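Colleague: For this one, chain X is given, so just place chain F on it according to the hints.
Next come the chains, spelled out residue by residue.
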Amino acid sequence: MTTLTVVDPGPLALVQDRGRTGYADLGVGRSGAADLPAMELANRLVGNPHDAAVVEITLGGLRLVADAPAWIAVTGAPVPVRVGVRARWSGEPVPVPAGECVELGLATQGLRCYLAVRGGIEVAPVLGSRSTDLLSGLGPAPLTAGSTLPVGTPYPSWRPVDTAPGAPPPAVDQDLHLPLVLGPRDDWFEPEARSLLLGSRFEVTPDSDRVGLRIAGPTLPRRVTRELSSEGVVRGSVQVPPGGRPTIFGPDHPVTGGYPVIGVVPSCAVHLTAQLRPGQGIRFHERASDNRTPD
Amino acid sequence: MQTRPCGDTGLLVELDDNAEVHALAGAVRAAGIPGVVELVPALETLLVVYDPRLARADRLAARLRELPRAASALGDGREVEVPVRYDGEDLAFVARHTGLSEREVVAAHTGVPWRVAFCGFAPGFSYLVGGDPRLEVPRRDESRLAVPPGAVALAGRFASVYPRRSPGGWQLVGHTALSLWDQDAEPPALLVPGRRVRFVEVAA
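Line by line, the protein sequences are chains X and F. So in the numbering used here, the last one in the first sequence is 295, and the numbering has no gaps at all. So in the numbering used here, the last one in the second sequence is 204, and the numbering has no gaps at all.
It is worth saying that the hints were derived from the structure and are not from the lab. Bear in mind the structure is a predicted one, so any value in this text is a computation, not a measurement. Note that CB positions come from ideal geometry on N, CA and C, so glycine has one too. Please note: incorrect hints may appear among the correct ones.
[Said to hold, decoys possible] These stretches of chain F come out as covered by chain X in the derived footprint (C-beta under 8 angstroms, 3 or more residues):
(1) 2-12
(2) 32-46
(3) 49-61
(4) 123-134
(5) 177-191
The shape of chain X in the complex, shown without the other chains:
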């Protein structure tokens, strides 16, 4: 069996797949790759099933070696990829000779990149997933120098491509425009909160992580001021603590939240939040939902 050995994890490197489902009623969150389309593209480039486990790397800087010939692909935030002395790039399948060092450079835009290896990473799953959940501590520990990653058996059929074009994440000085479906608790806020939310620039703050992006902007005034009893939340929820900074929940969000959620970034766009850096701006645009119970 092929094994990858981490030489240097860079700032943060985690094993991720599509996440854990079926245990939310026991308080277990989903976790999984923050940028799912990027993770799935990396898997497709090396002929893996779309849900094979990959390495999620924050900013870049990862170095690892394989003990047998392997194919890898790196996607997500664009980074230079060096294999031995050869310079490659994100978005293409890359052959890796045994013993040669794979080295990722640093991303200049976007935040997270994904390294897939043909055969997938087959660390032991926990509750049906190999994802590291940084909130609950479930799954494999964050990678450190010396961590070993067993590689699974490759799928037999594979048609390699030369490269996969992908839209790059927004440049660090560009605001990201995000759709937002109002609710479930938008009626807990004053009407002006809605215009402030949809008309202002919010800025990602440095205390953001996989649990959530903290965003700074105008205070969104509450109409209903009583305490909310904790209720289930989905990824992409914009939760507003009293007088505090809203949080856009990420993949490691808690399954329940105790503050009202004013709106939710829908599934078509939530992965874009995974590539935002502190200091970047967000502008929300309302997307209609026709799913509310008539009062």
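Modeller: For chain F alone, coordinates are given in the frame of chain X:
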């Protein structure tokens, strides 16, 4: 039953009480509705998480309204006995706040069976309801950075037991040696929604 959208992946259903929450959760599980990937019960809400490629919120909401609900679908009916040493750091505060003596707090905590209303916060962290109403206490002003596993705690009208070491703002009244979380077991949590819980004092 009112439903509120959570983007295009969740439907938050508001119900009258926790028994209705679990009755609906049981009915949804039994119906095996395509596209439903996760159920998150809370005190008076049920979040139904769905795959937007396979389900639509308006049709899902209509389907939920039609589901036949069993009168009693509260878990597996098991009762779990939790042996507790009442030596918690906040026992004196709880006594002062409730106007009871420390012994009376213990008697109140052990005297009435609790029930798991829902889980949240952390894997296996259960919110227990139905205990002695005199035990209602506020959270601590400042959270502890590390509450040890097995800590038996109170906050608001809930009781709980910390399954693993974690930060926490609840009032600690004691601790148990019972293991509440085993990720290799099925289910991995001991205090799953619906189960009855009886606290029993053990000698210090």
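Colleague: Please flag the earlier hints that this structure goes against, numbers listed from lowest up.
Modeller: Per hint list: zero violations.
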